[in-house]
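Using the sequences and the hints given, assemble the complete structure.
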Amino acid sequence: MGEQPCVNSVTLDLRGQICPATLLKSLKQLNEMRGDLGSGASRLTILTDHRDATVTVPEAAGNMGYAVSVRKEDRHYVITVEAARR
Amino acid sequence: MDKEPDTRNREVEELSERCRLLSAYIREKADQLLVMMGSKPLDASGLDDRALVALDPIGTIAESFAQVIAHIHDVNAKLRSEIAERRRTEEALREKEGRFRTLAEFATDWVFWRGPDGTLIYVAPACEAITGYLPGEFYANPGLAESIIHSEDRSRWNVHRHIADGEGIPGALEFRIITKGGETRWISHVCRPVYGEDGAFLGVRGSNSNVTERKRAMNALQESEGRVRDFLDNAIDLVQSVSPDGSLLYVNRAWREALGYGDDDIARLTIFDIVAPERRDHCRALFRRVLAGEDVGRVETRFVARDGRIITVEGNFNCRFEEGRPTAARSIFRDVTEKKRMEEEIQKASTLESIGILAGGIAHDFNNILTAILGNISLARLELSHGIASARLEEAEKASVRARSLTQQLLTFSKGGAPIRNPASAEELIRETAGFSLRGSNVRCDFDIPADLWSVIVDEGQVSQVIGNIIINADQAMPSGGIVEVRAENAAVGAGEEPPLRAGDYVRISIRDHGVGIPRENLARIFNPFFTTREKGTGLGLTTAYSIIKRHEGTIRVESEVGAGTTISIYLPASRKEPLKKYGGEGPLLPGRGRILVMDDEEVLRDVALDILDAMGYKGTAVKDGAEALAEYRAAMEAGRPFDVVIMDLTVPGGMGGREAVGKLLEIDPAAKVVVSSGYSNDPVMSDYRRYGFRGVIAKPYRIRDLGEVLGAVVPG
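Respectively, the protein sequence lines represent chains A and B. Numbering-wise, the numbering used here puts 57 at position 57 of the first sequence, and it's gapless, one number per residue. Heads up, the numbering used here is the position in the second sequence plus 1000, with the first residue counted as 1.
Source of the hints: derived by calculation from the structure; they are not laboratory data. A couple of the hints might just be wrong.
What the hints assert, rightly or not - Derived DSS-like pairs (lysine-lysine); straight-line CA-CA distance at most 30 Å: (1) Lys1664(B) x Lys28(A); (2) Lys28(A) x Lys1078(B); (3) Lys1398(B) x Lys1577(B); (4) Lys1664(B) x Lys1619(B); (5) Lys1339(B) x Lys1550(B); (6) Lys1040(B) x Lys25(A); (7) Lys25(A) x Lys1029(B); (8) Lys28(A) x Lys1040(B); (9) Lys1550(B) x Lys1577(B); (10) Lys25(A) x Lys72(A).
In structure tokens form, the structure reads like this:
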């Protein structure tokens, strides 16, 4: 995932949320950011400490046409969603 | 009024129930959706309703689904356009392939593509028309193409293929194949290595075309050219083709052989070098006219052979034009050197013939005059038998005899008649003629003549011509003098010993000189008419000699060596009987008794004859033609005083001659003795007198002695 300097980076910290809420809140955010995210103007970074979320979120986001990557930090995971490369 | 607490409780319970139902439904559906998305359900999470609503699972998920569907639509659209694009590409590809296929399938050449590993990647359908085998057979058996190559051409193919497989570009190759139907065809083959866009070696692409027809046409053409060349080469005539600048483009074999020029000469020389110098200007002018397109008709010119000989040729001369410009002047010439020579000789001959006729006419008249002269001299000698006058008369007689011999030669030459052959002394003939021929010359004659030499049966006049001519030739061969050896000997010839002589007795006379000799190439030609190496020579001497000897049934031979001399030998038929002596004075006159009738149209001759007869003791009567002779003879017969002998002139101009009269005479008196006399020794009647009814013959002019002999033979007693 290359760094795009003009990309608006949005971070959603969902650590401490229950698992289903992580997914739902992530989805909601994705829905809200639809336009920018799709055009590549924004990028969404989600922080979660649920392992399941690192599967469900990328899958959903992928089906929605986004490019997703997951990274493990010390005690949490970082999921990055951005527009898919054409 | 308050509602009853039961009713309120019931309502609350109903509401709560509804709430619980709805809430449960919402949670259940929310969970359903979450599970579908792979998440854990909510129910274990202890979320209260308010928090649940705030979370809005169904709405969020629904919206996300909308995105998913939108995304799917996107992807679909992309796929669809990708498919369409691919379809278009495929279409374009198919169309291109279609084009190439058309090119390849309908090629008339048998085109193929052999991969780097030797397998057959492609073969054009044209292979069937050319080889008889289908493409399928080639694909199935990659070795098929090579196996149908003609065995004789196989090795050349192998060399070629080796180069091609090594990525080389071999040259074009022609070879034969045997088609499926067993036919032999000629193939013209080219091939080259092919490479991909990345430079990889993709194999060899080859093209084979059927050139059988072309090959046949070429062979036919070569054969035809060969035949034309052969035809021209075998022509007897000289064929040449000359370029406008005069150089020789082509000459046939006859040309080379006739002129003797080799290849170097032909490459170097021009037509003007070949033409004889005196004809060069004429040739140049002619050449210019021909090149200008003019028709010059028959051409006659002279060529110089390599060895310097000149040959005369006659032929035509025409020019070939290409786009209006002359490219070659072609000629066919015939060597007419011989023909021209013949024409000249015929011309000479006809001139000579005219002269001959003239001479013959003169000689005939001259002969008659000589008869009178000779006759009178003979008579005069009777009167004067001794003294100077007698000696002079003897000389006069000899001179007249010589004159007679000359006229004989002229007559022989002009008419060339059959010899009247009588036995004669060879020795006398030789000595007399030699003496006469060498008179005044610095050449001497040496005789070697045996005493027992047989007599020859000859026409003295003609044979003395022969000997005379040979001795004159010998004389001229030794301009600074010398000796001519004349040798005579008896020769009895057996059958086949000396061809062409028949078996019999002959006298061989050899005349040998030590002069310049005759070159070998001329030896065969010395008897040819008009062949002479002397400027003033007629070229007829030996020709006449040959024909005379031949008519005597003898033969004549020549041996010669250049620088050493020439020997000419003649064989004359001989007889072992004694010849009649010619000279020795008149001798005792043969007396005669009897009545003689003389017929001759010339008065002088009649007078002389009567005188001679009178001197001899005969009683002579003279008449002037056959009619008178008949009348006279008949009258004498009837009167009881017949004539003993009749002497008749052979021909009487304007009247009946002896030839006609003798027949009539014999009708009157079959026992008549008739003698024919003539100046023409060559008339067949003279040589075959018996057949015509004559008993004897006498040649004019005759001396007393001659007449006496004949009469003595004919008159009995």
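Here is how each hint holds up against the structure:
Under the criterion of a C-alpha separation no larger than 30 Å, the hint pairing Lys1664(B) with Lys28(A) is inconsistent with the structure, at around 177 Å. Under the criterion of a C-alpha separation no larger than 30 Å, the hint pairing Lys28(A) with Lys1078(B) is consistent with the structure, at around 27 Å. This hinted pair checks out: Lys1398(B) and Lys1577(B) have alpha carbons roughly 26 Å apart, not beyond 30 Å. For a cut-off of 30 Å, the pair hint linking Lys1664(B) to Lys1619(B) stands: about 23 Å separates their Cα positions.
For the suggested pair Lys1339(B) and Lys1550(B), the alpha carbons sit about 28 Å apart, so the restraint of at most 30 Å is met. Only pairs whose Cα atoms come within 30 Å are accepted, and Lys1040(B) paired with Lys25(A) is accepted, the gap being roughly 14 Å. As the CA atoms of Lys25(A) and Lys1029(B) are separated by approximately 17 Å, the hinted pair is consistent with the 30 Å bound. For the given pair, Lys28(A) sits about 17 Å from Lys1040(B) by alpha-carbon distance, which is consistent with the 30 Å threshold.
Annotation: proposed proximity of Lys1550(B) to Lys1577(B) holds, straight-line Cα distance about 22 Å (limit 30 Å). For the proposed pair Lys25(A) and Lys72(A), the alpha carbon gap of about 20 Å is at most 30 Å, so the pair holds.
Checked against the numbered hints above, the structure breaks only hint 1 and satisfies the rest.
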